[in-house]
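**Student:** Protein chains in written order, with my numbering: chain P, 166 to 521; chain R, 58 to 217.
No lab work stands behind these hints: they were computed from the structure.
Glycine included, every Cβ here is placed at the ideal spot set by N, Cα and C.
Partial list, derived from the structure: chain R residues whose beta carbon lies under 10 angstroms from chain P: (1) Val117; (2) Phe119; (3) Trp122; (4) Leu123; (5) Ser138; (6) Ala147; (7) Ala161.
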Amino acid sequence: MAKRISVVVSQSPSKNPAKRKLEEDIVAGLLFENGIDVTIVPNLYDIKPESTGMLALRQIAGNVVVVSWLFERAAHWILDRNAITGHVGEVLLKNDDEEEDDADAEQADDEDDDKDRVIDSRSLKNRKIYCLDLKISNRAEDFIDEVKRIHQENAVQVVGLGDIINGGISQPIGERMSTAPSDPALSLEGSGLDQPSIVNRVEESGGRRWYPVIDYSRCTNCMECIDFCLFGVYGVDAVDTILVEQPDNCRKGCPACSRVCPENAIMFPQHKTPAIAGSSDGVASMKIDLSQLFGAPADGKSAEELAALERDEQLIAVGRDAVGMTAGVPRRQEDKSERSKDGLDDLVDQLNDLDI
Amino acid sequence: MIDSSGRDATKKFMMGEFEAEFPLGFQYAKNHMWVIASPDDSALIRFGFAAYAVRLLQDVYFLDWLLDAPSKILESQEIGSIESKKAESALYAPCEGELVRFNAELMEDPSAINVDKYGEGWLFEMQKSDTVFLNVDQYVDLLDSVWAKTQRTIKGQVNE
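Kindly produce the complete structure, drawing on both the sequences and the hints.
**Tutor:** The following block contains the structure:
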């Protein structure tokens, strides 16, 4: 059973000394924590599947905490695409704004439960991957404390399981946790955890990359993206599940396929728009750009029209003909009006009526 | 018409206490980039940040381009972004034309923009076109006319 946990620190591609210092302060703060190993890699999004960095990450067996400058979802699904799979571990250190949105998103998810998501049919490694976003705080202690909390939570769970196997729980879990020693090193002694940290630093430079990342907890395998992209980025696996087959065919700067995805399942982690980069803000499976309500110039373009324009720019750039809205533009547009309106639709209609 | 000689002789512009220097032999775009004939290929023109832009940015930490070269671009098209000690900004094309290549060295380490802005810190090269750029006198006249506004912009943002 995996008792040690691994912390992966994904470095910013920026040379900003404040960012580098935060990364190094976190590493330093974890250095003397027993039972925590640390691996430092260049920006997770840029490292290639066959690189030393990704190989090192694939060798990590147990639970993992990933600390990166990427949104949590982006980090999780970048790893997943590189065969580093696991279940989403719940983190408590997150953006304050996101918590309410998460509650909303969960509600929306409940309403959407009839939809089959790709994740339901995939086999994931039996472990947890916890992703922490370095953009959330500039205090190293916040991240160190959260890593320690996760470490302790994992250790407690292991003990709990053992108790169940050995004939039941003798006291309520809440009580057990409140009586647990506050020093994690002390509480973990004797369980194989008193080994010092191993720090593995991978340095490599393979240049910047640009490609889509699919969130399979949202993706329904509808194939809109493979129909829309004319650069051969997408493909399907042996059981006809969509995947990013040729990431480096993707056209740098073009996020068009993420705009046509009806489930907001496609991320471009380096895009300047948080919703496209993988922010959890906003309600799942709803494509509304509220920035227009708040003063952005209204260009009157739908997500699909914008996507078609972006795709045309890329086609022209490589000497091909523009196709406009004639190729692979979502069929769902046709039957959209038939879908019954839900509460959010009503809310948006009301917003439209307001003279902002 | 444009050549890289005359790097040593400069025209100066005072940005407050700071003396920004602009090589006489260079030409300039209104978005504060310099332009010279590429030393590697006479069919190309080379762009970089002029001292005015570098002084406002200060230490450059990160440079990213929104497109792969070669690529046709339009004037004022958003082509990249930059993060520095003092600013985060989008970058825009100085003119219309074919962008042929970026300075790959800056992707790993953009510090040459600060260390050698008129040399190793060059940004990208484009096909020569008939775009007319400013000579150093015209460019410094432009700075005279925008400096007050630039100061107001910076102060406005700092006070926010």
